[in-house]
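There are 2 protein chains.
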Amino acid sequence: MLFLKSKDNINIKNAVKLKKSAKYRRETGYFTAEGVRLCMDALYSNAVIDTFFVTENALKKYSCEYNKLSEYADKTFVVSPSLFLSISDTDTPQGFLCIIKVLDKTSQFDTIKNSDKFLALDNLQDPNNLGTILRTAEAFNISGVILSKDCCDIYSPKVVRGSMGAIFRLPFLICDTLSDFLTNNPRLTSYAAVVSPDADKVTDIDFISPCVVAVGNEGNGLKSDTIEKCSNCVTIPMKGRAESLNASIAASILIWEMMK
Amino acid sequence: MLFLKSKDNINIKNAVKLKKSAKYRRETGYFTAEGVRLCMDALYSNAVIDTFFVTENALKKYSCEYNKLSEYADKTFVVSPSLFLSISDTDTPQGFLCIIKVLDKTSQFDTIKNSDKFLALDNLQDPNNLGTILRTAEAFNISGVILSKDCCDIYSPKVVRGSMGAIFRLPFLICDTLSDFLTNNPRLTSYAAVVSPDADKVTDIDFISPCVVAVGNEGNGLKSDTIEKCSNCVTIPMKGRAESLNASIAASILIWEMMK
Numbered sequence: 003m004l005f006l007k008s009k010d011n012i013n014i015k016n017a018v019k020l021k022k023s024a025k026y027r028r029e030t031g032y033f034t035a036e037g038v039r040l041c042m043d044a045l046y047s048n049a050v051i052d053t054f055f056v057t058e059n060a061l062k063k064y065s066c067e068y069n070k071l072s073e074y075a076d077k078t079f080v081v082s083p084s085l086f087l088s089i090s091d092t093d094t095p096q097g098f099l100c101i102i103k104v105l106d107k108t109s110q111f112d113t114i115k116n117s118d119k120f121l122a123l124d125n126l127q128d129p130n131n132l133g134t135i136l137r138t139a140e141a142f143n144i145s146g147v148i149l150s151k152d153c154c155d156i157y158s159p160k161v162v163r164g165s166m167g168a169i170f171r172l173p174f175l176i177c178d179t180l181s182d183f184l185t186n187n188p189r190l191t192s193y194a195a196v197v198s199p200d201a202d203k204v205t206d207i208d209f210i211s212p213c214v215v216a217v218g219n220e221g222n223g224l225k226s227d228t229i230e231k232c233s234n235c236v237t238i239p240m241k242g243r244a245e246s247l248n249a250s251i252a253a254s255i256l257i258w259e260m261m262k
Numbered sequence: 003m004l005f006l007k008s009k010d011n012i013n014i015k016n017a018v019k020l021k022k023s024a025k026y027r028r029e030t031g032y033f034t035a036e037g038v039r040l041c042m043d044a045l046y047s048n049a050v051i052d053t054f055f056v057t058e059n060a061l062k063k064y065s066c067e068y069n070k071l072s073e074y075a076d077k078t079f080v081v082s083p084s085l086f087l088s089i090s091d092t093d094t095p096q097g098f099l100c101i102i103k104v105l106d107k108t109s110q111f112d113t114i115k116n117s118d119k120f121l122a123l124d125n126l127q128d129p130n131n132l133g134t135i136l137r138t139a140e141a142f143n144i145s146g147v148i149l150s151k152d153c154c155d156i157y158s159p160k161v162v163r164g165s166m167g168a169i170f171r172l173p174f175l176i177c178d179t180l181s182d183f184l185t186n187n188p189r190l191t192s193y194a195a196v197v198s199p200d201a202d203k204v205t206d207i208d209f210i211s212p213c214v215v216a217v218g219n220e221g222n223g224l225k226s227d228t229i230e231k232c233s234n235c236v237t238i239p240m241k242g243r244a245e246s247l248n249a250s251i252a253a254s255i256l257i258w259e260m261m262k
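Line order of the protein sequences matches chains A and B. Residues in the first sequence are numbered from 3 upward in steps of one, following my numbering. Residues in the second sequence are numbered from 3 upward in steps of one, following my numbering.
The following block holds chain A by itself, in its conformation from the complex (with noise of 0.2 Å):
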């Protein structure tokens, strides 16, 4: 147990930018998780826990989960509660935060089963989406989510605080482009969600597994040769007067249709 007093000590700095860029996380192949149970889910799933940085108050007021993370992680530090700030993403931070190594979660991904059944999102841009939406993923069961890379950063703190831990529970795989993806697995029955009335309704459908339903960006929906790669389209009727729903609410609904 060591304790850090200054903000310019090199494992705050790195933390620091863990939070903040996307790219250094890239590089560095480290990511940040932030709050007790957001923590224990890391260590509970195995992630490897690089550095786990703990306020005096919060080490004894969780003690137990203390304990198990700083004996399971490479590092600990105990830190002040403004210095816990610096590297927080949160107003009323909890006084827990781990550095974790990258997942690899893209076992699920190797051999296609029959029952399999997931989702892939196409240029998705707002990580409270797609926070939400790995969490009602992991909920309803979902055999794997795939992202094209040009979606934002699924180590970003708001996606890992936003999924509540199914980050570490959800096999999920980034690939350079949805159409490739769905080239390479000829198996897979895909639906293009989309908004279009000559579409298939979602109430419609039977949807047949292995399958894959596409969900595109907020504003722009899927790109034309998701579209095109994809065997059928699907869409959720309305009846009011909105145009469109929420990304994660239309994925919600797609999904929760899919797996009920």
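Derived by calculation from the structure, the hints in this document are not laboratory data. Keep in mind that this is a model prediction, so the values were computed, not measured. Where hints are given, some of them may not hold.
Quick list of in silico lysine to any residue cross-link-like pairs, SDA-like style, CA-CA up to 20 Å [unchecked claim]:
(1) A:262 <-> B:200
(2) B:231 <-> B:241
(3) B:262 <-> A:47
(4) B:241 <-> A:240
(5) B:15 <-> B:28
(6) A:15 <-> A:77
(7) B:262 <-> A:201
With the C-beta cut set under 8 Å, the calculated list includes, among others, these residues of chain A facing chain B [stated by the list, open to error]:
(8) 94
(9) 96
(10) 137
(11) 141
(12) 176
(13) 234
(14) 247
(15) 251
Quick reminder that beta carbons are idealized off the backbone N, C-alpha and C, glycines included.
Based on these hints, arrange chain B on the given structure of chain A.
Frame of chain A, contents of chain B only:
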């Protein structure tokens, strides 16, 4: 058309306070809506627009909308980009912002129709969730939304923006407690959304209209006296390891199942 140049101008100060303070919005009876589309939604729904702020760039770029709004609003002020930033709630503002009188959308609730299906929210706290729920409620043609008065402020800029204008079109009612509302509206079949294996599964329920589904707080769910007042309990069956859904996702799946 008047040019405003000082951030100490009383109209600017008023707009800043309306943006920041729920208390000030309540006291004055006004709120702000930002962006070309939201301002036009306010106009099209006959909201009372007290003040219209616009930047020079925006009034050229959106001249048609500018003409309509400046004719409709009581006052119009042209402001510099930097002054606009001070009243704006976004990082890259479009240059349109209106101060609008709080809405009166309660007439729908005066006489309950046989076909009415309502959503009720109990102490919902996250403005992003509330905005998204209003957007979804409109998309699926919910008859109206009832909010307990301890919900987050429906007139906060985040809610207004997240609703994508639904706030201007969707009937809503703010009541002291949902339990009072249910007592005063005994005709409504009421469904309390809970996380419980004992509750009826949403997939097994035929929602009997007129009805209302009540959804609770992000962390704590529904208040116990709300649950007691409801005639039925409903749950969204989950299969995965997640313990719960994001409140806006849970509400949206319930809306979807109730309205489809």
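TODO: Of all the hints given earlier, name the ones this structure violates by number, lowest first.
DONE: Hints 2, 3, 4, 8, 9, 12 and 13 contradicted; others consistent.
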